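**Student:** Residues per chain, in single letters:
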Amino acid sequence: SQQGEEDPQALSIQEGENATMNCSYKTSINNLQWYRQNSGRGLVHLILIRSNEREKHSGRLRVTLDTSKKSSSLLITASRAADTASYFCATVKSSGGSYIPTFGRGTSLIVHP
Amino acid sequence: DGGITQSPKYLFRKEGQNVTLSCEQNLNHDAMYWYRQDPGQGLRLIYYSQIVNDFQKGDIAEGYSVSREKKESFPLTVTSAQKNPTAFYLCASQGAGELFFGEGSRLTVL
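Protein chains in written order, with my numbering: chain A, 11 to 123; chain B, 324 to 433.
It cannot be assumed that every hint is accurate.
[Said to hold, decoys possible] Below, a sample of chain A positions facing chain B; criterion: calculated Cβ distance under 10 Å:
no.: 1; residue: Glu-15
no.: 2; residue: Tyr-45
no.: 3; residue: Gly-106
no.: 4; residue: Phe-113
no.: 5; residue: Gly-116
no.: 6; residue: Ile-120
Simulated from the structure, these hints should not be mistaken for laboratory data. The structure displayed is predicted, hence computed values, not measured ones. We treat Cβ as the ideally placed atom computed from N, Cα and C, and that holds for glycine.
Only chain A is shown next, with the shape it has when bound in the complex (with noise of 0.2 Å):
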């Protein structure tokens, strides 16, 4: 079963804008993570948020979680050509002492030049 949705499937922009990543989903979690993965290559970790926090920044990344709502925001400011990838989103829940990452369906980012 999937967690979390990501929304839009796919995104294309401009180089120089910046693109926002939603995520939902449907129950309680302990964190939220982003991932990047670039065509025919593995995932490769952005950022975690904890159930606890409601934003986080790194570099030009910015993720918001809002657990009333169920949801989470990724914004890549500035956005460059090399940016172009799938995103992930990956709630993690406890379960019987595991922490197992569920994962959605991606949001696919091109970025023109």
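Put chain B on the given structure of chain A with help from the hints.
**Tutor:** Structure of chain B alone, referenced to chain A:
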């Protein structure tokens, strides 16, 4: 360098054959995972292991088997019982809450 190594990167299999995908890590992580990725489906969990000699089924374990005899290694066998095995397989280990992924193995059934 520390990381996750998956092999082979590409694998072709005839129907009815079992194949084993290798996953090795030198990050000293206890937890390891196998995910399957299909176009438009995101990542789905096949099996996971929190400690040596123990593993649990994920959401789509049917037709797959794993072992965890060493902390560093978590091989996945795709058996002939898996009806639609063509996919991209990703192995990961978990440390400090985040997942570290290998580069994936692409399996094609001919």
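**Student:** None of the hints should be skipped; say for each whether it holds.
**Tutor:** Verification of the supplied hints:
Interface hint status for Glu-15/A: upheld, as the beta-carbon distance to the closest one in chain B is roughly 9 Å, under 10 Å. Interface hint at Tyr-45/A: satisfied, since its Cβ lies 8 Å from the closest Cβ of chain B, which is below the 10 Å cut-off. Interface restraint check: Gly-106/A against chain B, minimum CB-CB distance 9 Å, threshold 10 Å, status holds. Given hint, Phe-113/A at the interface with chain B, holds; its Cβ is 4 Å from that chain's nearest Cβ, closer than 10 Å.
With a cut of 10 Å, the hint placing Gly-116/A at the interface with chain B holds, because the nearest CB-to-CB distance is about 6 Å. Nearest Cβ of chain B to the Cβ of Ile-120/A: about 16 Å, over the 10 Å cut. The hint is violated.
Hint 6 from the earlier list is the only one contradicted by this structure; the remaining hints agree with it.
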